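Could you put the whole structure together from the sequences, leaning on the hints where they help?
What follows is each chain in one-letter form.
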Amino acid sequence: MPEGKIRVLISKLGLDGHDRGVLIVTQALRDAGMEVIYGGIKQTPENLVGTAIQEDVDAIGLSILSGAHTILMPKVMQLLRESGVDDILVIVGGVIPPEDVPKLKEFGVAEVFGPGTDTNEIVKYIRENIRAKRS
Amino acid sequence: MFDKEKIDKIEKHKKEWEEECVSPEVRIFPERKEEFTTMSGIPIKRVYTPKDIEGFDYMKDLSFPGEYPFTRGIHSTMYRGRFWTIRQFTGFGDPRETNKRLKYLLEHGTTGLNLAFDLPTINGLGSDHPLSEGEVGRDGVPVDSLEDVEELFDGIPLDKVSTSLVIAYPPIPCMYIITAEKQGVAPHKLAGTYQNDSFCRDVAANVRVIPRKAELKLATDLVVWSTRHMPRWYPISIVGYQIREKGCTAAQEIAFTLSEGIAFVESFLSRGLGVDEFGPRLSFMWNAHNDFFEEIAKYRAARRIWARIMKERFGAKDPRSMMVRFHTQTAGCSLTAQQPEINIARVAIQALAAVLGGTQSLHTNSMDEALALPTEDAVRIAVRTQQVIAEESGVTNAVDPLGGSYFVEALTNRVEEEALAYIEKINSLGGMMEAVETGYVQREVAKAAYRYQKEVESGETAVVGVNKYITDEEQKIEILEIDEAFRRYQCDKIERLKERRDNKEVKEALEKLRECAERDENLMEPTFKAARAYATLHEIWDVYRDRYGTFDESAMVTSLGY
Chain A
291 MPEGKIRVLI SKLGLDGHDR GVLIVTQALR DAGMEVIYGG IKQTPENLVG TAIQEDVDAI
351 GLSILSGAHT ILMPKVMQLL RESGVDDILV IVGGVIPPED VPKLKEFGVA EVFGPGTDTN
411 EIVKYIRENI RAKRS
Chain B
65 MFDKEKIDKI EKHKKEWEEE CVSPEVRIFP ERKEEFTTMS GIPIKRVYTP KDIEGFDYMK
125 DLSFPGEYPF TRGIHSTMYR GRFWTIRQFT GFGDPRETNK RLKYLLEHGT TGLNLAFDLP
185 TINGLGSDHP LSEGEVGRDG VPVDSLEDVE ELFDGIPLDK VSTSLVIAYP PIPCMYIITA
245 EKQGVAPHKL AGTYQNDSFC RDVAANVRVI PRKAELKLAT DLVVWSTRHM PRWYPISIVG
305 YQIREKGCTA AQEIAFTLSE GIAFVESFLS RGLGVDEFGP RLSFMWNAHN DFFEEIAKYR
365 AARRIWARIM KERFGAKDPR SMMVRFHTQT AGCSLTAQQP EINIARVAIQ ALAAVLGGTQ
425 SLHTNSMDEA LALPTEDAVR IAVRTQQVIA EESGVTNAVD PLGGSYFVEA LTNRVEEEAL
485 AYIEKINSLG GMMEAVETGY VQREVAKAAY RYQKEVESGE TAVVGVNKYI TDEEQKIEIL
545 EIDEAFRRYQ CDKIERLKER RDNKEVKEAL EKLRECAERD ENLMEPTFKA ARAYATLHEI
605 WDVYRDRYGT FDESAMVTSL GY
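Chains as they are written, first to last, in my numbering: chain A, 291 to 425; chain B, 65 to 626.
Since the hints were made in silico from the structure, they are not lab data. Certain hints may be false.
[To be verified] For each label pair, taking beta carbons as the anchor points, the in silico distance ranges come out as: (1) B:I413 to A:K414: 29 to 39 Å; (2) B:G119 to A:N419: 34 to 44 Å; (3) B:G503 to A:G374: 36 to 46 Å; (4) A:N419 to B:K78: 55 to 65 Å; (5) B:K76 to A:R320: 22 to 32 Å; (6) A:D346 to B:V90: 49 to 59 Å; (7) A:G406 to B:V90: 29 to 39 Å; (8) A:D321 to B:I92: 16 to 26 Å; (9) B:A255 to A:G406: 35 to 45 Å; (10) A:E372 to B:K277: 34 to 44 Å; (11) A:G374 to B:A255: 55 to 65 Å; (12) A:G398 to B:R91: 55 to 65 Å.
Since the model is a prediction, treat every value here as computed from it, not as a measurement. In this text, a Cβ means the ideal position worked out from N, Cα and C, and glycines have one as well.
Here it is as structure tokens:
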């Protein structure tokens, strides 16, 4: 078990502002004892990665409902690699068609949590996979 | 309405019934739950009797359809006279694609158009802006200039259709009016709606380009101009749909929306318009969610509350100023990605609630909308769902058929009571703008959304296909795909437009717009001028951004304490 609280940055990428999901996930992770930095909406890949590094997070959770994930996620993953922080666990939620999930994973996204996901599943996933990343 | 003696007799008998009928039955079959509530948490009794609406005054609380307080509906004949407008929210790809889909829908029996614009457009950004990458045409149609609006409505006679433009502030409305003029249709002949709801953009969709008060100013400019020039047009649709999608309760949906309504009325009055001048031109939009009877009660309560507010608080005299005329959309957030075909059943029930609640216009979601924008086949089914309700179910043959039901009237009273408490709270905070700036509304909505999520996760609330009746096999349906080709098409168009238009004229028009904005004048006329010269949407919005400043997103996140 890593020392201290698990630090997670939750944000929305792109122009879509619908935040019902991210606010719920933020609360659920906080209820589970994690330190959650809510990065807000309309984040660009650049300022998202900047915040992640600044806040020294263990994981990033992103919500994309607009369909822009195919363009934005590869950029995020590339920036994380270039900044030497690709050990940050990246998970994504939103409206992601099942056929896009393998593609996102190829880019380095750890897991995609689609519509209907139970927040307990997300908490469990982060806890188990942070351990993997830090050990 | 019922005399006390009769009610007491009924209540006495109810106790006997509980002992002699209910108790033996529950011994064999206990009820499914300890407590039954509506989706929003209102307790539901086993059975309702006249006692539950003791003190009910038919003329005061209901009256007749088309008469104050309009509880039973805003028209006397409702669907016996005319069905609601079938108005499917549409927009994707580029203006040509959307034009094709609009024609398809009209062919299949929709009776009004309802345009969705993409995120860059809603945010006043061109398709060629770096932030628009990956976003163009994905969840609405892009509009970069008048050229796109012309393309969008090519071959669609604007004097023969009613068009809802789900957009805010002058630019696209101006482009629509110019397009109609080019077809030979004068503004006063046009029928339709603009959404133009600055609060909805902000609280529900988190779209804030310029500061809140500036967004309200632009909305008001559009309403003031339209009130004077477009007698058949509704220049605002005060929206509850979106905030309900964020997870609030039914009572909150109408309370927050009607509080917005109050704020808008005050804004329009401050410009010197009379309440009966714009009153008849207000419209609303509601959600149609899962809890059938709660939704019906909600629509009826909303009508009664607003009628009283307009009459008593604002002194409206024209009955049309007191009416909640509304469009409804079935709840997007209730759609499941799992077993998407069952969304057809959900939507049918939700649509039926909207009809029994007296909607003037209706959008039914397509089954695939938890995954993507609708395919032609999916939207056809959604349209046919409305047509089945209209033509086959018989519910349209009597006005407000559920009026007088002890349950529905009790529930209407209860939803009204809860909503009025919220409206009062917002009044005490200083009005909707204050309530939003201080985060009160956002926090209430987030709380309600989280509570609902926990109810689903604990299994207390069933979601068929998600936490109950789960199917392991993957259900494959065809979904609509949007790619970057649409963005490239738009970018090419913008480039060519800038080459062939009279750039001197554009520059002058934008300069004029800037001057009028500096003087805080109504921006409709100068926006018309700029739009006519084929200034791009982005260029027009740049003038607004320069004048009012861009909204500070990060400051807001901090102040709301997320």
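Lying within 34 to 44 Å: is that true of the beta-carbon distance E372 (chain A) to K277 (chain B)? Roughly 41 Å apart at Cβ, these two residues keep to the hinted range, so it holds.
Given the range 22 to 32 Å, decide if the beta-carbon distance of K76 (chain B) to R320 (chain A) lies inside it. violated (53 Å)
Using the beta carbons of G398 (chain A) and R91 (chain B), state whether their distance is inside 55 to 65 Å or not. holds (60 Å)
Range first: 29 to 39 Å. Now tell me if the beta carbons of G406 (chain A) and V90 (chain B) are that far apart. holds (34 Å)
Has the hinted range 29 to 39 Å been met by the Cβ atoms of I413 (chain B) and K414 (chain A)? At roughly 34 Å between Cβ atoms, K414 (chain A) and I413 (chain B) fall inside 29 to 39 Å, so the hint holds.
Kindly confirm whether 49 to 59 Å is satisfied by the beta carbon distance between D346 (chain A) and V90 (chain B). holds (58 Å)
So the hint says 34 to 44 Å: do the beta-carbon atoms of G119 (chain B) and N419 (chain A) match that? Because 60 Å falls outside the window, the suggested range is violated.
A255 (chain B) versus G406 (chain A) beta-carbon gap, inside 35 to 45 Å or not: Once the Cβ atoms are compared, 40 Å apart, the range 35 to 45 Å for G406 (chain A) and A255 (chain B) holds.
Kindly confirm whether 55 to 65 Å is satisfied by the beta carbon distance between G374 (chain A) and A255 (chain B). holds (60 Å)
Cβ separation of N419 (chain A) and K78 (chain B), checked against the hinted range 55 to 65 Å: This hint holds: roughly 58 Å between Cβ atoms.
Just tell me: holds or violated, for the beta carbon distance of D321 (chain A) and I92 (chain B) against 16 to 26 Å? violated (41 Å)
Could you see if the CB distance from G503 (chain B) to G374 (chain A) stays within 36 to 46 Å? holds (37 Å)
Going down the numbered hints, you'll see the structure goes against 2, 5, 8, while the others check out.
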